[in-house]
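Q: For reference, the chains in residue letters:
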Amino acid sequence: MASVVSLPVGELRKSDGKPIMLRDVLGWSVDHKVIGVQYALIALFFFIIGGSLAMLIRWELLTPALDLMANGAAYNTLFSIHGTVMIFLWVIPMSAAFGNYVVPLQLGAKDMAFPWLNAFAFWLIPPAGVLMLMGWFVGPAEAGWTSYPPLSTMFSPDGQTLWAISIHLLGLSSILGAINFIVTIANMRPEGMGWFQMPLFCWAILATSIIIVMATPFLAGGLTLLILDRVAGTAFFNPAEGGDVLLWQNVFWFYSHPAVYIMVLPAFGILSDVLSVHARKPIFGYRMIALSSIAIAVVGFTVWAHHMFTALAPQFRIPFMITSMIIAVPTGIKVFSWLGTIWGGKIRWTSAMLFGLGFLSMFVIGGISGVMLGSVPFDLHVHDTYFVVSHLHFVLYGGSVFGLYAGIYHWYPKVTGRMLDERMGKWHFALTYIGFFFTFFPMHMAGLAGMPRRIAVYAPEFQTWNVVISIASFVLGVSTFVLLYNMVWALRNGKVAGPNPWRALTLEWATSSPPPATNFVGDPVPFKDPYGYGTKEAAAYVEAVEARYGTPDDVAQSSKPAPAETAGD
Amino acid sequence: MSEVSIQHTDVSVSQAAARAKAKALRVSNYKFAMWLYLASEVVIFGTLIAAYAVFRYNNPEVVHEVHKEAGVLLVAINTFLLLMSSWCMVMGLRDIQMGNRQGLIRWIAATAVLGTVFIALQAVEYSVLSAAGVLMTPGAEFHAFAAHFYPPTFFHGLHVFVGVLWAVIWVIIPAMRGSYGPGDYLGVEFFGLYWHFVDVVWIVLFTVIYLW
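First to last, the protein sequences are chains A and B. Residue numbers for the first sequence follow the working numbering, beginning at 1 and rising by one. Residue numbers for the second sequence follow the working numbering, beginning at 1 and rising by one.
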């Protein structure tokens, strides 16, 4: 029976999956679904902490004088820990949350390749988070998330050492997790799913994991040297004793530029899934999107010195400028493919889709300012100004975080069996979108006007922009709580989702919500094309599902739960 | 209904097939993960070696002086011993592939002993160098060299130490209790991959630090 390629197992059975309870999350578990939720919860916790620090930064910057913080050093700790927490304890763990929960399901697998290792990798995060925050008891790191020496070696208090140990643990955690993902994706695809029948989210996680395995050890090496310099009297970064300050910058950015893609590629993957599902159209340029992820992973290793244009020997500037321009190409391929995907689609304006489109619009702005910064003459002028801060937040918040939000709205029903409230979702989107834009877009202007980053006291002529930025940022901060409230509220009061509320074709929807302990009853059979909306098989499948449950909009809007299983098998 | 009975007979066959398949998958998972782990190790050693190389490039005369002071004979012997330990490792793997468990135990024990001797000689070398003024304490004659020399070599020594523990805990003791056989030597292979890696890294360190 060649034509029957899909076995929507979950549609035929009652939900026998137990929702993940608080006690599961607090204890040791090797179930990838529990671990995924654990990652998400700890990431959201640190998102609030990092966000609170950002609010303090914006409060301080309402006026040109130093008024909220006691001194400049106290202000330095704010942005240092804000940056580090947001990157290493929010965006990366949250991406790992989706990877852990979704990848094995999309592959029709029962779990990851190494469940124990998976749990171990997760449990490195809480102690790392504690170490990071413990800095406040000994004087926290003050050298920014980039921690350039000699700031980080000679001027930062002991919290900098804790910072370095914390990042070390987080790096180890990501390496172990990434090894697990690569092996899982390479070896555990089900029969009938070749490399190019794999959902694009899995491709994105694969590319991310390759970068993690090859780049994170550089950070580990660099951090080891930094810790030795701080506690063991070595002088790797001290030119007075034969060291080299630029060594840190090279090692750090050789990790941290690829790490930019560690942060954004998972969101790219989420976006590919979300746009295709909610626009009811096959993904445009599947192979190009898949391979451009790998291209980004490879080219990402050749661009690191564009972070050092002002420190770099002049003859190296142009080569790094060229590679930096080149890496915009695979990203551009993705953007055009996504536009091709939604073009002429039957777009459903769900919250997930809104955040997907929000990602597209804001990320493109960040991408363009990235190309601007990639050109040497421009960069030399705006280096270390708010222009850079703006660029970073457009790609990291407007890109990664919007993508993660889209993922939350898209997969929350699978994890909990309940839909998030769409009305609150739209409020969340509206507040976030407006708050985000007016927080970060004016930073371009402040930066072009010459306002330097990482200062608490600034020239009075920048105050107008800063007041606009701060007020918008408070809106942005509040908007997050709409999501958090929604997530808690929907646990009890959300509409029952049923196995496949979005009528998606990838395998995570071919089981009940939440899935049973072994994920699937029997071996699920994947569609030949995971995005084949409009193919005969997909149409037959969707028709059968809709005949039983009504159209997704009915599911989303009717207050009664989806009809229970009646006929049996 | 006849289909059901046919399936029933098939089930036992397919169950055995499924078990074999699951085992093959597990083996290939572990091997792949081991290679990925080694890849990440290459990178972390690469960083340490790069840090040394930068120092060597900026301060050739200091390095020459230390080389003149310390000589290379002791380390050359040590390098030879480590290479021999890799050979022992291969012989052990070969023995277990041919079903000779006693041979495996003897050869891997020899590997572990050579590894231990390597660490001991490294300690001797450290004390010789310390006496010559290669000290981590600021103000020592060759402090800058020490700061770039001890971390990578110590980090490598740590890997040898872990390797010796690995040999004893996961190869020798299980083998003495009757594990491993001609069709079941994956654990030995993993240890071998790790040990060869540690060996290769040493060759690079030896070349860069002692011969350059």
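Do not rely on the hints blindly, as some may be mistaken.
Said to hold, decoys possible - In the DSSO-like style, the derived pairs of lysine-lysine whose C-alpha atoms are separated by at most 27 Å in a straight line are:
| id | chain 1 | residue 1 | chain 2 | residue 2 |
| --- | --- | --- | --- | --- |
| 1 | B | 68 | A | 110 |
| 2 | A | 110 | A | 346 |
| 3 | A | 346 | A | 536 |
| 4 | A | 110 | B | 23 |
| 5 | B | 21 | A | 528 |
| 6 | A | 281 | A | 18 |
| 7 | A | 528 | A | 346 |
| 8 | A | 528 | A | 426 |
| 9 | B | 23 | A | 426 |
| 10 | A | 426 | A | 536 |
| 11 | A | 18 | A | 346 |
| 12 | A | 426 | A | 110 |
I should point out that these hints are in silico values taken from the structure, not numbers from a laboratory. In this text, all values refer to a predicted model and were calculated from it rather than measured experimentally.
Q: Can you give the numbers of the hints that this structure goes against, from lowest to highest?
A: The structure conflicts with hints 1, 2, 6, 8, 9, 10, 11 and 12, although it agrees with all the remaining ones.
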